[in-house]
Amino acid sequence: MNRYRMHLMVCGGTGCRSSQSVQIVENLNQELKKAGMDQEVQVVTTGCFGFCEKGPIVKIYPDNIFYVEVKPTDAAEIVAEHVVKGRTVQRLVYKDPAGGKQIPASTDMPFYGQQIRIALRNCGLIDPENIDEYISVDGYQALGKALSTMTQQQVVDTLKKSGLRGRGGAGFPTGLKWQAALKQKSDKKYIVCNADEGDPGAFMDRSVLEGDPHSVIEAMAIAGYATGADEGIVYVRAEYPLAVKRLKIAIAQAEEYGLLGKEILGSKFSFRIRLSLGAGAFVCGEETALLNSVEGSRGEPRMKPPFPAEKGLFGKPTIINNVETFANVCPILLNGPEWFASIGTEKSKGTKVFALSGKINNVGLAEVPMGITLREIVENIGGGVRDGRTFKAVQIGGPSGGCLPKSLLDIPIDYESLSAAGAMMGSGGMIVMDDTDCMVNIAKYYLDFTVDESCGKCTPCRVGNKRLFEILERITDGKGTMKDLDDLEVLGGTIRDASLCQLGQTAPNPVLSTLKHFRDEYIAHIVDKRCPSGVCQNLIHYVVVADKCIGCTVCARNCPVSCISGERKTAHVIDQERCTKCGVCFSKCPVDAIVKE
Amino acid sequence: MAKLKSMEELAKLRDDMKNRTEMRVTGTNPDRIVLSVGMATCGIAAGGRDTMKTLVEELEKHGINNVSVVATGCLGYCYAEPVVEVRFPDKGPILYGDVDVKRAREIVDQHLVKGILLDHAIIGKGAGRR
Ligand SMILES: Cc1cc2nc3c(=O)[nH]c(=O)nc-3n(C[C@H](O)[C@H](O)[C@H](O)COP(=O)(O)O)c2cc1C
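Heads up: the sequence lines are chains A and B, in that order.
All residue numbers for the first sequence refer to my numbering, where the first residue is 4 and numbers rise by one.
All residue numbers for the second sequence refer to my numbering, where the first residue is 4 and numbers rise by one.
Rather than coming from a laboratory, the hints here were simulated on the basis of the structure.
Some hints could be false.
If you want the footprint, here are the derived chain B segments under chain A, 3+ residues with CB under 8 Å [to be verified]:
id : stretch
1  : 12-20
2  : 44-57
3  : 67-79
No more than 20 Å apart at the CA atoms, straight line, and that leaves these computed lysine to aspartate or glutamate pairs for EDC-like [as the list claims (entries may be wrong)]:
id : chain 1 : residue 1 : chain 2 : residue 2
4  : A       : Lys-36    : B       : Glu-88
5  : A       : Lys-148   : B       : Asp-19
6  : B       : Lys-8     : A       : Asp-135
7  : A       : Lys-519   : A       : Asp-413
8  : B       : Lys-6     : A       : Glu-473
9  : A       : Lys-88    : B       : Glu-88
10 : A       : Lys-148   : B       : Asp-18
11 : A       : Lys-88    : B       : Asp-53
12 : A       : Lys-265   : B       : Glu-12
13 : B       : Lys-15    : A       : Asp-141
14 : A       : Lys-532   : A       : Glu-456
15 : B       : Lys-21    : A       : Asp-160
16 : A       : Lys-188   : A       : Asp-160
17 : A       : Lys-314   : A       : Asp-190
18 : B       : Lys-8     : A       : Glu-43
19 : B       : Lys-6     : A       : Asp-413
20 : A       : Lys-148   : B       : Glu-11
21 : B       : Lys-105   : B       : Asp-93
No residue lacks a Cβ here, since even glycine has one placed at the ideal position from N, Cα and C.
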């Protein structure tokens, strides 16, 4: 086999592919061929590097240079300058936004500085479509170790000792879940991987599947061995075509190598994995609704207990774990539970992957040790709030989570602290909001989502959330009363207590948390009929400041409903009755004479 | 690919595959040995490309994995190109001149494998006086 002196790693995650990273790979290969270097320099398509903000990313080994925002046309220069002559292409190097200093090595970037990569260990490091590369970084060693040196109980004990908790939302201890399934006597058991990932703004699981599918497959096989299951199912949404494709490739390769199938590595253990594609309903991420969906029924939740570990898929004992949970399993087996337990806080061990988005400088994927503060994530890794605006809140946990204000930025990230603050770990979506975001409107947005996604099986969720939404709508329309605030709290509490599954139980969280931390914004909408952030259309007016208006007629000519009148060179007037608040005049006025009130 | 039948076969495959990714894993380790080949216009004109290729091939032949071969710009010794700098992590750099294919083999054979410096080829001592 050829040994390459240089590796050009090109991000092949969904984000970078949508900005032409596939073309970059092609061009690099062409340029290398032209330079006669295709035998000594290798181009590798990898999974997500996490720094999506500045994608497409190209990382170069052994020089450890990190290029950002690379375009297909940059391939020629990278090859001619960097590959052939060893000169870094300065204009593609990442620049620290604070101070504008160039930072060529990823290890020196603040974005990576505080990260610890366990679940994402291979993302950006290997070619996810090549099992040999996975094997070269100790892939399938954990499975081999379990099969050849550990009893089922020892595997379960190792997980228990590690303190690993579910990364899909609820944070249930993984070792206990596996123990419960191991205990069951049954002719058939299943391992299910939950890759539904329905939270708006979340893309952690997708990135793991796209960047390192074997790590999940290997862990599922280990779970199968530990609990006596012989079949695994990955429930993945069909809207993740790249993840589906790479999973299929990975499963086929593992079968070819005998790492899935009959009598794996000469042991008595047999295990196979198949995919089940979801149609993208949020409720199907709930474990029992997911089981119904796999069975071919409607995606509606079941009563618990019995828990899936007792009676799951087709009535058989079933382990359901999240993608990221599985991605942590192999390193725990190889490095030992003590190693894992040494990272994180007393009750939350290891790391968590967060998908950073919203009004933040570094949109992307970051894996951080538990116990890090929100502030460290937002300010250091995320690079602070975008466009120099002021931070208002961070939304954590998606539609089941909550919004936390500035005063809570210093709480440590762990399951308990986040719940106590009115949010939740959830799957790891983290959306940053600034002073132009209206918190009442945000709450309404999330509720709109859950109303839409409710399966309709139980009344509190189906009807209650709809009523909550209507109250919010009243408030943002300027028709709310102070009594509405009490109603929101009482009704929200009832929905939380009475719904069948956590979709309903947690749906009021975005409302209750904003009501708790941003009550004054609600009151401004109700009492002053004013939206402090200038978002809610019915509560804002555009007015012409007569002193400033130069009568240029730009606003009048651009108004789509012709509701602005005035003579040339005299102040104009907006007819409030007919104004649709589209904001065109506001943005077109050359002298800023139109204000939003 | 035949199915893997035992833990030993898997371990062997891993060791065989190690050099596919080793550079990426250890590429940032400070204890790597770095061979820099002068690849500016002068270096390329003097045959730096062949020198580089040979170094990579020889390392592969000897199964040496903790060495990075990198291209570098003009070092100012244009008269002695192709120039190769050998840098062990805890030692000062050694600069060889006139490194043709034969000398590139010697560098790997003698300096890297046996730890013997090629005195006659060090710039300032013997090299560059053709
Ligand atoms: C409405 C709803 C949606 C959910 N969506 C997901 C999801 O997309 N992915 C996921 O792993 N867990 C999701 N969960 C949590 C699962 O029910 C379950 O707790 C999880 O898959 C267990 O795996 P873990 O212990 O590894 O976290 C969801 C729960 C609810 C109530």
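For each hint, the structure was consulted:
| no. | hint | in the structure |
| --- | --- | --- |
| 1 | 12-20 | holds (count 6) |
| 2 | 44-57 | holds (count 4) |
| 3 | 67-79 | holds (count 6) |
| 4 | Lys-36/A <-> Glu-88/B | 27 Å, violated |
| 5 | Lys-148/A <-> Asp-19/B | 19 Å, holds |
| 6 | Lys-8/B <-> Asp-135/A | 16 Å, holds |
| 7 | Lys-519/A <-> Asp-413/A | 18 Å, holds |
| 8 | Lys-6/B <-> Glu-473/A | 61 Å, violated |
| 9 | Lys-88/A <-> Glu-88/B | 15 Å, holds |
| 10 | Lys-148/A <-> Asp-18/B | 16 Å, holds |
| 11 | Lys-88/A <-> Asp-53/B | 14 Å, holds |
| 12 | Lys-265/A <-> Glu-12/B | 16 Å, holds |
| 13 | Lys-15/B <-> Asp-141/A | 11 Å, holds |
| 14 | Lys-532/A <-> Glu-456/A | 31 Å, violated |
| 15 | Lys-21/B <-> Asp-160/A | 31 Å, violated |
| 16 | Lys-188/A <-> Asp-160/A | 19 Å, holds |
| 17 | Lys-314/A <-> Asp-190/A | 13 Å, holds |
| 18 | Lys-8/B <-> Glu-43/A | 33 Å, violated |
| 19 | Lys-6/B <-> Asp-413/A | 52 Å, violated |
| 20 | Lys-148/A <-> Glu-11/B | 11 Å, holds |
| 21 | Lys-105/B <-> Asp-93/B | 27 Å, violated |
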